[in-house]
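Following the hints, put chains B and C in place on chain A, whose structure we already have.
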Amino acid sequence: MFGRLTTDAFKHEASQNAAVFGMIVTGIALIFLITYFKRWKWLYHEWLTTVDPKRIGIMYIVVVLVMFLKGFADAMMIRLQQVLSVGDSQGFLSAGHFQEVFSAHGTTMIFFVAMGAIFGLMNLIIPLQIGARDVAFPFVNALGFWLFAAAAALNLVSLAIGSFARAGWLAYPPLSSLQYSPNEGVDYWIWIVQIAGIGSTLSGINFLVTILKMRCPGMTLMKMPIFVWSCLCSTVLIILAFPILTATLFMLAFDRSLSMHFFTTDGGGNYMMYVNLIWAWGHPEVYILILPMFGVFSEIVPTFSEKRLFGYASMVFALIFITFISFIVWLHHFFTMGASPFVNAFFGIMTIIIAIPTGVKIFNWLFTKFRGRVHFTSPMLWFFAFLLNFTVAGMTGILLSVPPIDFQVHNSLFLIAHFHGMVIGGVLFGFFAAFTYWFPKFTGYVLNEKLNTAAFWCWLGGFLLAFMPLYMLGFMGATRRLDHYEADTGWHSLFIIVAIGAVILFCGALIQFFGLFWTIFDRKAHLDQTSGDPWNGRTLEWSTASPPPVYNFATIPVVATRDPLWTLKHAEEDPQEPEYEDIYLPKNTAVPICMGFLSLIFGFATVWHIWWLGALSFIAILLCLIIRLSGKDEHILITAKEVEKIETSLKNKRALNASYHLT
Amino acid sequence: MHHTTSHENHALHDFREESFSNTIFGFWLYLMTDCLLFATLFCTFAVLHSQTANGPTSVQIFDLKLVFTETLILLLSSFTSGLALLASLKNKKSQMFLWLGLSFILGAMFVSIELFEFNSLIFEGASFQRSAFLSSYFTLVGTHGLHVSFGLLFLAVLIVQLIVCGITVETFRRLVLFNMFWHFLDLVWIFIFTFVYLMGVV
Amino acid sequence: MLIFSGLMLLIILIMQPLNIWHHGENIAVLFPKGLIGVEERNLLLIVQALMLVIIIPVYILTFVFSWVYRADNPKDKYDPDLVDNFFAECVWWGLPIVMVAIVSVLTWVKTYELDPFKPIESKNKEIKIQVVALQWRWLFIYPEEKVASLNFLQIPKDTPIRLEITADAPMNSLWIPQLGGQIYAMPNMKTELNLIANEEGDFRGSSANISGEGFSGMTFITKATSKEEYDKWIALAKQSSKTLENKSYQALALPSMNRETEIFQLEEPNLFNKILNKYMQME
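Residue numbers (our numbering), protein chains in the order written: chain A, 349 to 1011; chain B, 258 to 459; chain C, 109 to 391.
One chain only, chain A, in its complex shape (with noise of 0.2 Å):
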């Protein structure tokens, strides 16, 4: 009745407790908070059931703001762990549970953590880069964040109930076969990642035809902001690279359920297609990551050094150059694995090819500074230490391309600072610089700069203080995954300087929690005087209020050049009075949320084995579906008298907020 479901599964060690214990009373805390405030209703009208980009993008924010505290506990405990356990010592942590730690620490921060923040990122800002009211799809958009949200949930469920996967991040077979990995962790890893995957493909799909057909009047598309231009690249990855995610994912789930040899060690099986398969996704993932990221310090550098992004076309080009060429360079995730040198170094070739566009990026934001007006403001300030860290890493990226010089380095500590490096220096600089650059967009509140500053101070040093060391680490013969090694290895030294790094890291972590917090706390401090545009901004977001209509634009915006805002700016002429017309919006569904949440059962009952449970929420998912898809276009409609109204009323707040500048 309840599959391969039993007690047993609710044991678990002291840390995994407490952090249940956590869960489970921050959750209650949330439904009586919600519940005393009398905010139900208001949760599911405004939130739950929304197809508004705008909030879809801020949900997605706060689900990527709770999976990172629990990425980085991960990360914590491998670093604490890696300090006690040398030579008699072992540490606190037993060996199968620091496996599951590091294996959910890297699943959780690709998956939850870097592809919400820039789907996060899409949601809230293409559209109104673009001109447009919505995005192309809403219903589709937000069962993607739905599913995201599915996902992330049977990620705290696995720690809850059952032992997640130890096979790392990626569950190479035959480790992660049925012969090795009998247990439920391998099959929590393949149902969060597929649901997650699916969200993903879904959401891809929407933001490329969105960008390529929903532009407004004039935006031809080499005249779109880099950031969109990005997003595109990074859609186009995303259609390509995940039905191979997919498929994999599939293909593994049935040599584990249904006893199948696509990558088990006998019957014919070959794990070798395993690798190669989940790295053809695998390498496009990380320029998906990183493009839109790219794009986010294409917006930034040019806003604050005054002055136009140099080199458009070159910096266009890079990135289409970029993405044709990160589905030939997989192999280099495993040049140990045998292959001739013949494939071996074509690929390391293709490898290094690729750091070309990079490096022209770099030159070209560096050169947009030349001549410039450089403000040194919080956006700035991450795009600098993203200079600072990104840069090495791409450096040693170059080196692990280089076959022989892989063979000494590969799977070492050395790997794991390089591609940190380039998550942390690249991902995640670039969108604590986007959430430090639209947060006042979409609240109107400007986040604490002070903070904002010491917790920049805090990553900077931090990131070189608990990175740096592991290239040393590396060359010493340092092999990632550890939970133990020898005293005589001299490695303990290093260790705990990389730990105390993390410390600093984690106190960056916690004074950007807080500053979140205290600029809601004193909002009237931190009240965005301008009339939504506190940077000068040079991009057709700005020209909004703050936070924007949910129409977005009153009227649909013609633009005729590149950082239409800016032409606007110091146009000649006064602009027309606008003439108000009916604006259709997609209306509020409830289908999304369900088909989430029915995933969310499927993928335990699947993980479990309790079929009749996986039977009966698939067929729900499709009557949701079905029920969805036989309704008619349903909009809500608000007139032009309305839309009068709305942009009156902003347009007297935007002058209060100016007037409390004066006083």
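A hint or two may mislead.
As the list claims (entries may be wrong) - Some, not all, of what chain B presents toward chain A, calculated at C-beta under 8 Å:
(1) G283
(2) L298
(3) E427
(4) F429
(5) V433
As the list claims (entries may be wrong) - In the PhoX-like style, the derived pairs of lysine-lysine whose C-alpha atoms are separated by at most 25 Å in a straight line are:
(6) B:K349 / A:K980
(7) C:K346 / C:K335
(8) A:K917 / C:K185
Said to hold, decoys possible - Between beta-carbon pairs, the in silico distance windows are:
(9) A:K989 / B:L372: 35 to 41 Å
(10) C:D184 / A:K561: 41 to 47 Å
(11) B:L346 / A:I868: 52 to 58 Å
(12) C:Q156 / B:T451: 36 to 42 Å
(13) A:S607 / B:L455: 25 to 31 Å
(14) B:F448 / A:G979: 34 to 40 Å
(15) A:P565 / B:F373: 39 to 45 Å
(16) B:T451 / A:A963: 30 to 36 Å
(17) A:P565 / C:D184: 36 to 42 Å
(18) A:V906 / B:T451: 50 to 56 Å
(19) C:L110 / A:G444: 46 to 52 Å
(20) A:V410 / C:L110: 34 to 40 Å
(21) B:F336 / A:K989: 49 to 55 Å
(22) C:L110 / A:D870: 25 to 31 Å
For the record, the hints were derived by calculation from the structure and aren't laboratory data. Every residue, glycine too, gets a C-beta built ideally from N, C-alpha and C.
For chains B and C alone, coordinates are given in the frame of chain A:
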């Protein structure tokens, strides 16, 4: 409810037209992702098709006569669904339902034959658990069959919608999407027929 | 801000030579003891140096531009519409292309030269050792000498060692960093690693790919000695009371985290091939 003036009708019309072309484009993109999914399964089949683990080989288990019949049935089903779309364009409802009904029956025949084929293979001891070759064969062909089954569900629901609501903007759009899906599955089947069955008995 | 961040970078930079000075020979990849490791290290240093040619200017420009063009006290003129410069683009597309071309040629040549499957040329005859990654130990089989060793590898110095590697376990990776790079040890597959020790010593070896609970304990010592010492050890092993054939191998292959070393007389000379083909024989 709200009375729409001609001005509002215009905005609504624009809204619907835009969403129509966007939906078709979006569905094409979805089909591309599906294509890549199948491509992955094809690649896997290519790598594993000779790994028979001393068990049944493709020469031993493939019945080309049956497969040829399946192919004809599916191609015919695709043809009739196209005729249904043409009929709907001319608003010839009864013809449309005739062709749609035939498409459904033919599609259902295809799935039945495939299920029969799978069942007899499993009974003979050539199940998907026997070897990597059989796992990849069952998964590739089975995934196609599963898509066809979902297509049949899509078609059934669509037929009901057409009966209840007639040919509207939404139902017509769904008919176009169904046709795209159905023809796409035909295309995948051609590849399966060629690279799995024909090359498997050579 | 610039000064502080510059200081941070400087500290990290200084830490590197300090680390090297403090840990010295412990830094296996930088102070290898065998020809392959030496070649790989030299390649690393060359590519690193080439990369610094691009990287150092980037860092300099980052700091200089941030200083010269800062809004509160700029040191140069303001040119808000300076958006492209053909010469500049040529330089920063061209220089990296040249650099990449150089590194590519180097990559091509060296990947062939340092192919792990390529035998090492030497006046000394090579020794073939078969390696099996178990859960969670390493078994070294000497087929010609008819001995086997668990968790311990002894080799004579200045002699090419041809390691043929497989696994009776999930994917592992055989890595002796002081001698050279690693290669995966995988069930059903045979990989090869050709190494040579040019100095005597005890070199740490480990598994570099996660293979289950006991993976971090999969360390072993590679002892490189003179030829006489090596012959003595072989002779000792030949007199071992323990024998290794199918049955005793089955016991050995059971999951275990026992770190002890053992030596055996090899009574099943075809053991490695039997393990290699284990899954094919099961069908």
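For this session: Mind listing which of the numbered hints don't hold for this structure, in increasing order?
Result: 4, 5, 9, 12 and 15
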